[in-house]
Structures are given as structure tokens and as C-alpha cells.
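S.K.: Spelled out, the chains give:
Number of protein chains: 2
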Amino acid sequence: MLRVRQSLRARKMQQTRSDIAAAALALMDRDGYAATTMEAIADAAGVSRRTVFRYFSDKEEVVFADDPVHTEVILAAVDGAAPEAAPLQVVRRAGHALAAELERGAKDVARWSALVATEPALQARYLAKQRRWEALLAERLAQREGTAPEAAALAAKIGVACVQAAFDRWIADPRRPLGEHVDAAFAALAGLVAEPGG
Amino acid sequence: MLRVRQSLRARKMQQTRSDIAAAALALMDRDGYAATTMEAIADAAGVSRRTVFRYFSDKEEVVFADDPVHTEVILAAVDGAAPEAAPLQVVRRAGHALAAELERGAKDVARWSALVATEPALQARYLAKQRRWEALLAERLAQREGTAPEAAALAAKIGVACVQAAFDRWIADPRRPLGEHVDAAFAALAGLVAEPGG
Numbered sequence: 345m346l347r348v349r350q351s352l353r354a355r356k357m358q359q360t361r362s363d364i365a366a367a368a369l370a371l372m373d374r375d376g377y378a379a380t381t382m383e384a385i386a387d388a389a390g391v392s393r394r395t396v397f398r399y400f401s402d403k404e405e406v407v408f409a410d411d412p413v414h415t416e417v418i419l420a421a422v423d424g425a426a427p428e429a430a431p432l433q434v435v436r437r438a439g440h441a442l443a444a445e446l447e448r449g450a451k452d453v454a455r456w457s458a459l460v461a462t463e464p465a466l467q468a469r470y471l472a473k474q475r476r477w478e479a480l481l482a483e484r485l486a487q488r489e490g491t492a493p494e495a496a497a498l499a500a501k502i503g504v505a506c507v508q509a510a511f512d513r514w515i516a517d518p519r520r521p522l523g524e525h526v527d528a529a530f531a532a533l534a535g536l537v538a539e540p541g542g
Numbered sequence: 345m346l347r348v349r350q351s352l353r354a355r356k357m358q359q360t361r362s363d364i365a366a367a368a369l370a371l372m373d374r375d376g377y378a379a380t381t382m383e384a385i386a387d388a389a390g391v392s393r394r395t396v397f398r399y400f401s402d403k404e405e406v407v408f409a410d411d412p413v414h415t416e417v418i419l420a421a422v423d424g425a426a427p428e429a430a431p432l433q434v435v436r437r438a439g440h441a442l443a444a445e446l447e448r449g450a451k452d453v454a455r456w457s458a459l460v461a462t463e464p465a466l467q468a469r470y471l472a473k474q475r476r477w478e479a480l481l482a483e484r485l486a487q488r489e490g491t492a493p494e495a496a497a498l499a500a501k502i503g504v505a506c507v508q509a510a511f512d513r514w515i516a517d518p519r520r521p522l523g524e525h526v527d528a529a530f531a532a533l534a535g536l537v538a539e540p541g542g
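From first to last, the protein sequence lines are chains A and B.
To get the numbering used here, take the position in the first sequence, counting from 1, and add 344.
To get the numbering used here, take the position in the second sequence, counting from 1, and add 344.
Hints in this document: simulated from the structure, not taken from any laboratory.
A short, non-exhaustive set of chain A residues, derived as facing chain B with CB atoms under 8 Å:
1) ALA430
2) LEU471
3) ALA505
4) ASP512
5) ARG513
6) ALA532
Below, a list of computed lysine-lysine pairs in the DSS-like style, where the Cα atoms sit at most 27 Å apart:
7) A:LYS473 <-> B:LYS403
8) A:LYS451 <-> A:LYS356
9) B:LYS473 <-> A:LYS473
10) B:LYS403 <-> B:LYS451
11) A:LYS473 <-> A:LYS403
12) A:LYS403 <-> B:LYS403
13) B:LYS473 <-> A:LYS403
14) B:LYS473 <-> B:LYS451
15) B:LYS356 <-> B:LYS451
16) A:LYS356 <-> A:LYS403
17) A:LYS403 <-> A:LYS451
18) A:LYS356 <-> A:LYS473
Glycine included, every Cβ here is placed at the ideal spot set by N, Cα and C.
Construct the entire structure; sequences and hints are all you get.
M.R.: Next up, the structure:
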């Protein structure tokens, strides 16, 4: 019973979080990032400014509201990989899990990506989040039997590079599913490495 | 004659730039990044605060004073690559050129790296610089005959990932030259891709 109540509370909190983020993105879309204040976000979401700050430490974080979910999706995919899977296979699996998640909100993701591209502070936060993904991925990969820490660190970086390249291609060519762009990036990586001297 | 004079002036400016950066790093080493003001940097370098701001737009940029030189070294290596070289071969060549440059100032680079690791604002600037290297590399690679823009973008990301992994290893194990860590990272990449399912 306690568990159900906690879960309800967690779901309500998740909803409030999503509502604030959705209101913020709509405002930023209309007025620009700089002109959108935490007060305006609170008003638009129908909550107090204090509530906004309870969920998000600053305005950049509101834009990356989905990051905890994305991180969870990535790490769950790593944990669910077969024990015998090679490191790049594991990060590719994580890329596909993230792709499936992003495709569910494809239209918002495109708007979100355009917003991040306009604002150096958001780009900086985005890069920091990617770096954190790399570190978390490397840590999890290194826990797998037979994967040395150096191989884990490199596989994590390579995986994030491939998924980022796929994401950039998807934003430019959204008719093709992101998952296919992920496969194309890993295939292109194999092609680059197979070239003589590559 | 004019060329020689310009060159002397350029060299003098380069010297002032280096002096300011060296004074700044010494101060940050002693007092920490946050406590080091642009005024203190100017005093230590024996120039006016205005002069410091003529060379560097903000305190973060002082820490990345070598970035223009590094960027030049990287792009010169790309331009000097054989026309038939494969994209990953070209980025590896660029990695070696950067490694040679960094090895010349190895002790300062280790101090610099430790400084950047302590300060989120510096990490953010560092990631932005890396992203810029990726973009510049991708642009140059795409100008080479037979390299599609997507392959160029991916090769640039992969190259930066390998060189960053090598750099991290070098900071942890500086007895081995950075150039060897670069070779080891590219060899590890080939190993990861060669694994079944990788």
C-alpha cells in the first residue's frame, strides 16, 4: 500500500515536472530563451516560482528536464545487454533505447534541438550532460566481465559520438527514423576503420 | 621589410599573450581559479587590466590561451595529409601533431588539466572548444576528395574522442608519451570495431 502511494506521489511529481518543462519550452519558443524568466515559466505552468526552483536548479535545467529519464533509459539498456555482448554492441543498444525514447516525442525534440542551438549556455549544459553520459556509460561498461577500464572509456566516447552524429543527421533528415540513423552511424564507423590506414 | 616588421609585432603580441597566460596559471595554481581576478593577472604580468582584456575576452579564455595555436596545428596537419589518406588516418595525423605540441609543455599541460578539472566553467569552455575542433575538422575533411560530409562529421567526432581518451590516459600515465597513447587509442578503436557484433 505504501509502495502504491509513493508511486502515485512520484507520478504526480513527474507530471508537475513535465508540465513546467512543457510550459517553459512553449514560452521559449515564443519569446526566446533569454526573455523567458523563471517567473513567467511558473505563471504559465500554474505553479509558484518556488515550486519551479524545487524541481529545477536553474533555467538551463528546465530545458534538460528529460535528462534523468534519458539517462535511466541508457543505463537500463546497458544493464539489459547480454553478458557476452561486445562493448560497442552494448553502447549501440543504449543508443537504440535512447532513439526509441526520443522518437516518441520527435516533434518536441526537433524544437528542443533548435532552441539549444541558439543559446551558448544551453550548448554548454548539453555538452556537460553528454560528458556525464560518457562517464556513466564507461563506469557501467567497466563493470562488465572482460571489459578493461580503458576499453570501456573509449567505447563510451565512441558510442556517444556515433549517437550524436546520428542525432544530427536525424534533425537534418527526420523522415528516416533515428534508430536507422544510429545503425547507419555505427556502419559508417566500421567503414571508416576498415579503410586502409584508417 | 614590412613583412619582417609585421612578424616582429606579431611575435611581440604572442609573447605578451603567453606572459599573461603564464602569470594567470601561476596565480590560479596558488590562489584557485575563482579567487584570481583579471586585475591580479594584469599586475602579475606587468600589464594593465585593459591590456589583458585586449588579448582575452574573459577569464576562461586566459586559461585556453593556447587554443588558437592548437587549432592551427590540428588544421595544418589535416592540410598536410596525403590526398589518398583515409579520413581516420588524417584525424590520427592531426592527433599526433597536437600530441607533439602538448608534449613540449607537458608539465604545464598537467597543471592546466588539473585546473580545468576543478572548475565547471572551464570544463564547459573546454567542451565547447572540442566541439569547435570537431566542426573545423569535419569541414576540412569534407573538402577532401571522396569524403562525404557525413563521413567527415563522424570521422571528426571519432578522432576527437580517440585523442581525448589518449589525453586522459596520458594525464593518468605521463611516463608514456602522448603520441603512444594516441596510437593505443586508435588501435583500441580498431579492436572494439573488430569484435563480433561490435
